[in-house]
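Student: Given these sequences and hints, build the entire structure.
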Amino acid sequence: ETGVTQTPRHLVMGMTNKKSLKCEQHLGHNAMYWYKQSAKKPLELMFVYNFKEQTENNSVPSRFSPECPNSSHLFLHLHTLQPEDSALYLCASSIAATEYEQYFGPGTRLTVT
Amino acid sequence: TQLLEQSPQFLSIQEGENLTVYCNSSSVFSSLQWYRQEPGEGPVLLVTVVTGGEVKKLKRLTFQFGDARKDSSLHITAAQPGDTGLYLCAGLYAGGTSYGKLTFGQGTILTVHP
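For the protein sequence lines, the chains are A and B, in the order given. Just so we're aligned, residue 1 is where the first sequence starts under my numbering, counting upward by one. Just so we're aligned, residue 1 is where the second sequence starts under my numbering, counting upward by one.
Just so you know, the hints here were simulated from the structure itself, not pulled from any lab data. One thing to keep in mind: the hints can contain errors.
What the hints assert, rightly or not - Computed cross-link-like contacts, EDC-like style, restricted to lysine to aspartate or glutamate with a CA-CA straight-line distance of at most 20 angstroms:
1) A:Lys22 x A:Asp85
2) A:Lys40 x B:Glu41
3) B:Lys101 x A:Glu84
4) B:Lys70 x A:Glu101
5) A:Lys41 x B:Glu38
6) A:Lys36 x A:Glu84
Tutor: This is the structure:
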């Protein structure tokens, strides 16, 4: 595997379910990011991790809970989501959080029913 | 909140035509990137510009950074159907708290018809 991978690629969940999104980067980077991409809206930064430490929480509701056990892996734990949370969730990485070149994974298309 | 205006939002052209996409802000960027995203995939970095007035070329794509570092443009010459996709500009603002925080434009959906 190379680059940034995300699993699953597609996820349908009910509002009472609990699920997790996984991201793995094989680039030797130290910063990882979660973004939300909704139709007709710019990409929204959700969380930033730099050397496993969370450095940014962009006012994200607590029903989204990130976890970064090491610099190569990033998770987004989901619970009691709302239909408006349906979107493409993108993971990205960069050498460090101050490095501006970010590399994106293919995303997880989430549908909340 | 700093805004990054991208235009046009939609562009539908015939193969062989030229086009330009614009990215504008009232604030100064420390750097700006252009990405291309295909349906069902994540954005792929095309180029990063850092210096005011900088011009970079990537085959038929020409990227320009404004002298004041507040705007950028992407010009495609002789567009091909393979150029179809969503083009995104993203910037890091100078002088603010930009610890890895890219601000994205809304994107331009380009469709090139054979």
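Student: Which of the stated hints cannot be reconciled with the structure, identified by number in ascending sequence?
Tutor: 3
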